[in-house]
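Trainee: The lines below spell out each chain.
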Amino acid sequence: MDLLQVDKLHKRFGGLQAVSDVSFGVRSGQIKAVIGPNGAGKTTLFNLISGALPSSSGRVLFKGQEIQGKKPHQVAQLGIARTYQNIKMFSGMTALENVMVGRHLQSRSGFVSSMFNLPGTRGEERLIREKSMELLGLLEIADVAHVSATSLAFGQQRAVEFARALAMEPEILLLDEPAAGLNMYETAEVGRLISRIRDLGITVLLVEHDMSLVMDISDEIVVLSFGQKIAENLPAAIQQDPEVIKIYLGEE
Amino acid sequence: MKRLLTIAPLLAAVIAIHLLCAATGTLYYLTQMTMSAYYALLIIGLCVLMGYAGQISLGHGGFFAIGGYLSAALTTHNLEHLQDNSVISALHSFGVLQSGQDLYGGTLLVVNPWFACILAILAAVVIAYLIGIPVLKLKGHYLAMATLGFGIIIYRVVLASEYFGEADGISEVPAFVLLPGLVVSGDFAGRVQNYYIAWGLLIIGLILLLNLIDSRVGRALRAIHGSSEAADAMGVNTARFKLQTFVLSAVFAAIAGIFLTHYNGGIGPSEAGVMKSVRYVALVAVGGMAHLWGALTMGVLLNFLSLRGAFGAYDDAVFGLILILVMLYAPNGILSVRWRPRWARKKTAVEEG
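Residue numbers (UniProt numbering), protein chains in the order written: chain A, 1 to 252; chain B, 1 to 353.
Treat each hint with caution, since some may be false.
Quick list of simulated restraints, FRET-style, between CB atoms [to be verified]:
id, chain 1, residue 1, chain 2, residue 2, range
1, B, Ala-160, A, Gln-74, 56 to 64 Å
2, B, Asn-332, A, Glu-130, 29 to 37 Å
3, B, Pro-9, A, Leu-118, 24 to 32 Å
4, A, Gly-64, B, Lys-137, 26 to 34 Å
5, B, Glu-172, A, Phe-116, 34 to 42 Å
6, A, Phe-13, B, Met-327, 19 to 27 Å
7, B, Asn-332, A, Phe-116, 29 to 37 Å
8, B, Ile-133, A, Asp-7, 44 to 52 Å
Hint data in this document are derived by calculation from the structure and do not stem from the laboratory. C-beta atoms are modelled at their ideal positions from N, C-alpha and C, and glycine is treated no differently.
Take these sequences, add in the hints, and give me the full structure.
Mentor: Next up, the structure:
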């Protein structure tokens, strides 16, 4: 059974059919990519899966369970983490604190125990800090742990966002254009990183514009165009698909 | 331990002010310092709501009034004529009610201030929940207007209700015996003691909030402020956290109202007025929004000046002006303004790290 299953998903914005009858599955442990030109409905698809947007019709199943209609924080609780195309750092917080927010679901101190700094809270806080530092180390940005996140370079913010999502210990990670705004060197770096994330046992679904990245790392690729799925196959086959070549390179 | 170290300078300042006033024969300043401390208690609570959770409230004067008025009403309304009622006599024997004497020597039977205090806090919690659930779905201007509406309702209720003394408010509120020998009252002899009670309470409140900000909950709140969408995706139940913060800040406001009312020996409708709520918001802004120390400093300083009559009849006008000036010239609060030579100015962004 697929870990994540998207079934006949539709999303209309007024007269615009942003996502139209899209179905595909993501198997546990794989890296699956959704590609397509700008405006193909990739980010909308992500927002539907993560609960940020309600769908017009169709189903999204995670481990066989319907997750449509759940709020984003409930979707997160199930083990689904996501990043954003336009990085959403928590302003006014350091890189480390940003990652520590990612440990929210792995900890439980509430208002009262936090205010009185009870022993349980202190222990929990230490673990949150250690785990978060470890992740910053994994992403090789431990040296900027105490720097305000929004003042970091773009590539570093991307890394903080990755660490923040990994801190949630998700089963599946949804990456929305992880290479957006990065140069070729950084893009290759992100590619290596995504492979490493998969090696940690985390399934990855990514939406991407950058073909080179996707071809290198994905196990399978779904191609969207104007909200519709036009192909789903292995990277090598997608590269040969005349339909895909047409939408990417234009008609001859 | 680390927290105590950051609090130490404040503690030292509190003691130093007392000693300075004692040495110069100006102990009467402590009265306004006591009142300012209670107002500051409300302001630091509001600071967490506004600066950290990012939710504005123009209705906190209302929560202050709920605390102050309820404890005043419960501890002054004479239940003597109901003494034969079995419920009343049972409450009396459990210590919920206490006997006393009014100014003319008549016997009084009123609610014990401790129970009144607890009831008033509970009332503030319940009302904050009931108001908060629908209202916190709103954002920005709409939230400001809805909380303003709440403040106006409370104001009109206390003004119209005979139970709350209408335009006269409630006076002859008895002293609040916290512990034997530790009494909240405006009694001349207890001035120094009350100064320390108020500041003790404020410092405890500050420590609790500093702890909160630096915890899982505090990070979640700041995350909501930073990006509500991303906080949601991290599993933060944003609606619940906003609501709980709203309730927490209402409790701080209610406690401030309760203590100040016992200290002043009464409360009037102006404490519930909209101008008070606006003033609290202005003080949080002047302090730098997400800045507990700034809120505390500015809350104490400006309230003290206001209570000393430094702004004369233009009191509210001065606060309005301060709000405009802060928004224009120091949106990050007065404490963030530092003079620096022209050549050094462009470095701000780098230094932030």
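Trainee: So, for every hint listed, does it hold in this structure?
Mentor: Hint by hint, here is what the structure shows:
1. Ala-160/B with Gln-74/A: 56 to 64 Å: violated (44 Å)
2. Asn-332/B with Glu-130/A: 29 to 37 Å: holds (33 Å)
3. Pro-9/B with Leu-118/A: 24 to 32 Å: With a Cβ separation near 26 Å, Pro-9/B and Leu-118/A satisfy 24 to 32 Å, so the hint holds.
4. Gly-64/A with Lys-137/B: 26 to 34 Å: holds (33 Å)
5. Glu-172/B with Phe-116/A: 34 to 42 Å: holds (36 Å)
6. Phe-13/A with Met-327/B: 19 to 27 Å: Between Phe-13/A and Met-327/B, where Cβ atoms are some 36 Å apart, the hint is violated.
7. Asn-332/B with Phe-116/A: 29 to 37 Å: Since Asn-332/B and Phe-116/A have Cβ atoms about 30 Å apart, the given range 29 to 37 Å holds.
8. Ile-133/B with Asp-7/A: 44 to 52 Å: violated (35 Å)
This entry does not satisfy hints 1, 6 and 8, going by the numbered hints stated previously.
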